[in-house]
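**Q** Spelled out, the chains give:
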Amino acid sequence: MNAILAIARKDLRIEWRTRTLLARVVPFALLVLVLFAVALDSEPLLLRAAAGLVWLAMLFAAMLLVQRSFDVETADHALDSLLSFVSSPSKVFFGKALSMFVQLFALAVVLLGAAVVLYGARVDGDGVVLLVTVLITATIGLSVVGTLYGVVVANMSGRDSLLPLLALPVLAPLLIGAARATEAALGSDTIDLANGWAWVALLVTYAVVFGSAGAVAFAPLAQSDS
Amino acid sequence: MALGGFPALAGVDLVVRCGELVALRGANGTGKSTLLRLCAGLAPLTRGSAHVLGFDVARQRDVVRAMVGLLGHDNGLYADLTARENVEFVAQLVGAGTNDVESALDRLGIDSRVAAARAGALSAGQRRRTALAALVVRRARLWLLDEPHAGLDGQARAELDGILRDATRSGATVVYTTHESEVSGARIPRTITLSGGIVARDVDSADPS
Chain A
1 MNAILAIARK DLRIEWRTRT LLARVVPFAL LVLVLFAVAL DSEPLLLRAA AGLVWLAMLF
61 AAMLLVQRSF DVETADHALD SLLSFVSSPS KVFFGKALSM FVQLFALAVV LLGAAVVLYG
121 ARVDGDGVVL LVTVLITATI GLSVVGTLYG VVVANMSGRD SLLPLLALPV LAPLLIGAAR
181 ATEAALGSDT IDLANGWAWV ALLVTYAVVF GSAGAVAFAP LAQSDS
Chain B
1 MALGGFPALA GVDLVVRCGE LVALRGANGT GKSTLLRLCA GLAPLTRGSA HVLGFDVARQ
61 RDVVRAMVGL LGHDNGLYAD LTARENVEFV AQLVGAGTND VESALDRLGI DSRVAAARAG
121 ALSAGQRRRT ALAALVVRRA RLWLLDEPHA GLDGQARAEL DGILRDATRS GATVVYTTHE
181 SEVSGARIPR TITLSGGIVA RDVDSADPS
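Protein chains in written order, with our numbering: chain A, 1 to 226; chain B, 1 to 209.
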């Protein structure tokens, strides 16, 4: 556990120094939400689509964070050293996923706030618990898949374009589940809270499956030929 | 062991005894770095067998990794962390204490000014020293070093050679790649030359045969 926390702390310290999240990812995600608002230009339509647009922006922003997270590992072949310093490579996977979770969770809170301002989305009392649960479970799923696919492309040329091509199709179930559950939490007419919790169950299953897969597959995937 | 469809190592038959200081030589592309990565459990063994410190590299890779310290061609440092933070990070991963960090920084001649500078802003030699300090903190039983003298000035090379000798005196085994035939003026105890992915020459000055 100490190694996992040390790796997460290291990634967050680097993020704090470089301000990638604050200076690049948050502005990019907010810009996506603003552009959607301008393009759709209809308050009822935006209100209906708010949850999906927030999670779509999250997915795009996550690709930038994942790339940055593995750029620091490949720049000086630090990942090789890191793997040689831990007793199990799965600790590297969980450490990097944890730091990703912290950053993505903060981003999700910012984007939901933006959806309230830009799209007029509202959360009532009953929806708050569901919304917080969705944020946590979906962000965990996004973090583990991002970390898993981040290491898949880490040693490939053209990884900037490969990462979204490989990861986004796999993230489609998470996008659907998170969007539907968030829609329920925001008090949509098309889906009630009970159905929202059913989507949360899917998100939990998704996070467990990809978390387990990542823990097992990280070591062979991290081994580069160079 | 194949690399991009071609065998990087093609029948290396080699035994290194505990506590030995061994230099691996050979032209570029002869498999020196691949052999080190294989022994560190960082490259897969596709054919044959390999045991490191009595453990099967193919099946007990995690155990091997825990006992081996590898310094590759690159330094494996995080450019946005300071030299001290890089060493401290390794110390946290391997369960070493603050005293070990201070001792390693001191041993490698990394003063407080260099220690407080980001690794990305350091010179090549200072980065190499920092990476070596991280390796000292590691206290590995097998040291695998890929051209550790690269980028070091004369004084630092002598210090490094002293560290390597100290490591072998304390029971660790050291295998490193080099293009040189001497260690700080002294003859290297054992030199193995690779060529075409196999051992072409094995000169052991301690072996009377």
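Rather than coming from a laboratory, the hints here were simulated on the basis of the structure. All values reported here derive from a predicted model rather than from experimental measurement. Each hint should be verified, as a subset may be incorrect.
[Unchecked claim] Pulled from the structure, derived: some chain A residues nowhere near chain B, Cβ distances all over 12 Å:
#1 A6
#2 K91
#3 V129
[Claimed, not checked] Coverage of chain A stretches by chain B, computed from C-beta distances (three or more under 8 Å per stretch; other residues unrestricted):
#4 10-16
#5 111-125
A virtual CB, placed ideally from N, CA and C, is assigned to each residue, including glycine.
**Q** Next, verify each hint and record whether it holds.
**A** Evaluation of the provided hints:
1. A6: Given a closest Cβ separation of 4 Å, the condition is violated.
2. K91: It is violated; A:K91 is separated from chain B by about 9 Å at its closest Cβ, not greater than 12 Å.
3. V129: 36 Å, holds
4. 10-16: Coverage by chain B holds here, the residue count being 3 at a Cβ distance below 8 Å.
5. 111-125: violated (count 0)
Hints 1, 2 and 5, counting from the list given before, are not met by this structure.
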